[in-house]
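Enquirer: Please arrange chain B on chain A, whose structure you already have, making use of the hints.
Protein sequence lines correspond, in order, to chains A and B. Each residue of the first sequence is one higher than the one before, counting from 181 in the numbering used here. Each residue of the second sequence is one higher than the one before, counting from 6 in the numbering used here.
Hints listed in this document are in silico derivations from the structure and should not be mistaken for laboratory results. Mixed in with the good hints, there may be bad ones.
What the hints assert, rightly or not - Label-pair ranges, simulated between beta-carbon atoms:
(1) A:D439 <-> B:T54: 49 to 57 angstroms
(2) A:V438 <-> B:N150: 50 to 58 angstroms
(3) A:P291 <-> B:T54: 51 to 59 angstroms
(4) A:E521 <-> B:E45: 54 to 62 angstroms
(5) B:A105 <-> A:T275: 34 to 42 angstroms
(6) B:K77 <-> A:H719: 42 to 50 angstroms
(7) B:K77 <-> A:Q603: 27 to 35 angstroms
(8) B:S147 <-> A:Q290: 54 to 62 angstroms
(9) A:T600 <-> B:S68: 45 to 53 angstroms
(10) A:V438 <-> B:A105: 24 to 32 angstroms
Beta carbons: idealized from backbone N, C-alpha and C, even for Gly.
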Amino acid sequence: MKEGSVYDEGFNDDDDDDSILLEFESGSDIEYDDTGLLRRDPGLASLSDEESGKGGNNGYYLDGATISSRNVVIPKDELYENDGVPKLSYRCLTTDQIYELMLERLERIQPIFDISYEDIIVLLQQYAWSEERLLEDWTENRDNVIVSCGLKLGHEPVASRGIRKHANFLCHICCEANKMKTFTLECGHEYCLECYQHYIKDKLLEGKIITCMSCPLALKNKDIDAIMGDNSSQKLMRSSIKGFIQKHSNHYKWCPFVDCNCIIQVGNISTLSEFPRFHLSPYVVCDNQHRFCFKCGLESHSPGDCHVAELWVKMAQLESANLNWVLTNTKECPKCGVNIEKNGGCNHMTCKSCAYEFCWICEGCWAEHGGGYYECTRFKKEDKNGAVESKNAIRKYTFYYKLFSEHENSAKLDWSLGLTVEQKVKALQENIGISWIETQFLPESIRALIEGRTTLKWSFPVAFYSDPSHNLTKIFVDNQSLLVSAVEDLSQLLQVKEPQKIIDRKLEFFNKARFVRSRDKALVECGRDLLCKGICIPHQ
Amino acid sequence: MSQRLAKEYRALSKTLGRDPEYAYIISLAPVSEENLRKWESLITGPPDTPYFGHEFTLQIEASEAYPLEPPKVQFQARCMPHCNVDFDSGRICLSVLDAAHWTPAWDLLHVVHAIWLLLASPEPDSPLDVDLACLVRAGDRSAHNSLIAYYLNGGSRGHCGHVSER
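Just chain A, with the same shape it has in the complex (with noise of 0.2 angstroms):
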């Protein structure tokens, strides 16, 4: 292995260049399976090792001992399988993680500016965390930067900052006199704590600068806190994350699945754009053990591909009234994704993550509404023809729905199935006694069931879009029925509780995962397949 190749190869690969980006800090155990998706494993010796051993070759494993240095490390040949489909390299972070590196990443741009680091945030924030973007300007009228982001005023300062005590106070907020405690900036304009804090309070989600209430000077962490009297401008910091990572989607994500809060970070961002092109693609899987897609942002969705699981979402979607809520009065922002409720005001909508200005109607980009302009308005008539038609097509739909959901509920039932496989490990340690890392093929049970669940559920999208009479079609239904079987085999297996059978039927849970494991790889090669030959045609 050559150290440092892959750092400079896949992460400094930035395509907006005008980003931070957090780089790679300590290898996590990386292994990529034969399948050309990305898999990562906890680091323990477990059936899965077994399984995909014979993808050891083109894989391979990162020793946690060695890998305390910086940058991960990929070979470069390896970036690519021999069959061309490509590779995907990224860590999971959590929110503190990322908050680290940030500073860090503060420490060492500080010497640029040789401001304290607190102006820095401020600066970086009003930046949306452009870094590239602050650095120009601030080269080109560093005075100009300071008094627009609000760091000092264009005149002498009035007033010395911080909180003062009076008698008796009239503050012109609230209009409320006997105020005993205020707080002003250097502009002078004074207001009461109380205010104040109400004030901060609404603001503090945003992940914005927050000025003075009637001047653009900026309050700092530190007056916050003072204000709020704790810690509130963690916060802050805590919301203005999330507009970092939302500035920075290409290479960041949060982590779709409830209450989890990871993000994955990918490195090699060039390397996403291949992923179509094979019906493939980029999986990635969190510190809990969530699988997802990186391009969509959906759970992993193999067989199908992402424009398959798009499809099938979207149509779901018709069918339920919340969600139709979201589809009507709700639009993607056309840069971005972020979905945007239009709550009143005009049609020149201006996307608040990414700042993109478009038009409501037509979803263009408000700067090319020349000549003709605002013609969208009026061309606007969608036809409803077509209505009988599509009624067969529902039927056939709500059949393969049906199916998707139920397997999607079962999954569900899995996943809790999981949460109490713990209990049985430390069981099956304290009553039997044996090693930890011998109880593992129960967690890696689990792990086939879930994933073997998913890819069923999944396949049901693929079987709706594909040529009912093509042969492959009836294979790929074969393959779904023995998946189905074997998952709930392995399911039913995982019911046992007592610690005495489950050791001795340890083979079994062996054979029944592995199982699982090829029956689940069998149908997505087949479903990848239905896609590459054009049986499966996704279609609205």
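Expert: This is chain B only, laid out in the frame that chain A set:
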């Protein structure tokens, strides 16, 4: 916060009618003294605009959280032909009325003044009335002004504003 609106009311009764800058405001007061959250204002159109000589009613509602939240302000429905006002509802697209741009240091007088200034300088980049915005964008002042005059004088299903007697 309840004293804030009371104080604004007191301050306004001193300012209005004396300060020539706000001479265009005929009235700005709560609808009834029982409820200080609902206000109404009558203003005259700014000079050198097609609105001059007409009077317009603004409906103002301050929420419980005012002044931390902006007040809701709109024109009486079907009275204000303006490229940043929705004619049918009277809604206004103006940045200071947006929570993101509002600051508690502003008061109702500021808001009314900002709306009055908007009448003289339509902002075609944020249109609620596309036809008028097109005319502004095209630089066709006379067509823009006469279309407004047509509306104000009862065109397009009547109008409910009143022509000033003064």
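Enquirer: Run every hint past the structure and note whether it holds.
Expert: Verification of the supplied hints:
Remark: the range hint 49 to 57 angstroms for D439 (chain A) to T54 (chain B) is upheld by a beta-carbon distance near 56 angstroms. For V438 (chain A) paired with N150 (chain B), a C-beta distance near 56 angstroms keeps the hint of 50 to 58 angstroms intact. Checked against the given bound of 51 to 59 angstroms, the beta carbons of P291 (chain A) and T54 (chain B), roughly 55 angstroms apart, stay inside it. At roughly 30 angstroms, the beta carbons of E521 (chain A) and E45 (chain B) sit outside the given window of 54 to 62 angstroms.
A C-beta distance of roughly 24 angstroms is found between A105 (chain B) and T275 (chain A), which places it outside the suggested range of 34 to 42 angstroms. At roughly 45 angstroms, the beta carbons of K77 (chain B) and H719 (chain A) sit within the given window of 42 to 50 angstroms. Distance hint for K77 (chain B) and Q603 (chain A): a CB-CB separation of about 55 angstroms, inconsistent with the stated range 27 to 35 angstroms. Restraint check, S147 (chain B) to Q290 (chain A): a C-beta distance of roughly 58 angstroms satisfies the suggested window 54 to 62 angstroms.
About 48 angstroms separates the C-beta atoms of T600 (chain A) and S68 (chain B), a value consistent with the hinted range of 45 to 53 angstroms. Distance hint check: the CB atoms of V438 (chain A) and A105 (chain B) are about 28 angstroms apart, consistent with the given range 24 to 32 angstroms.
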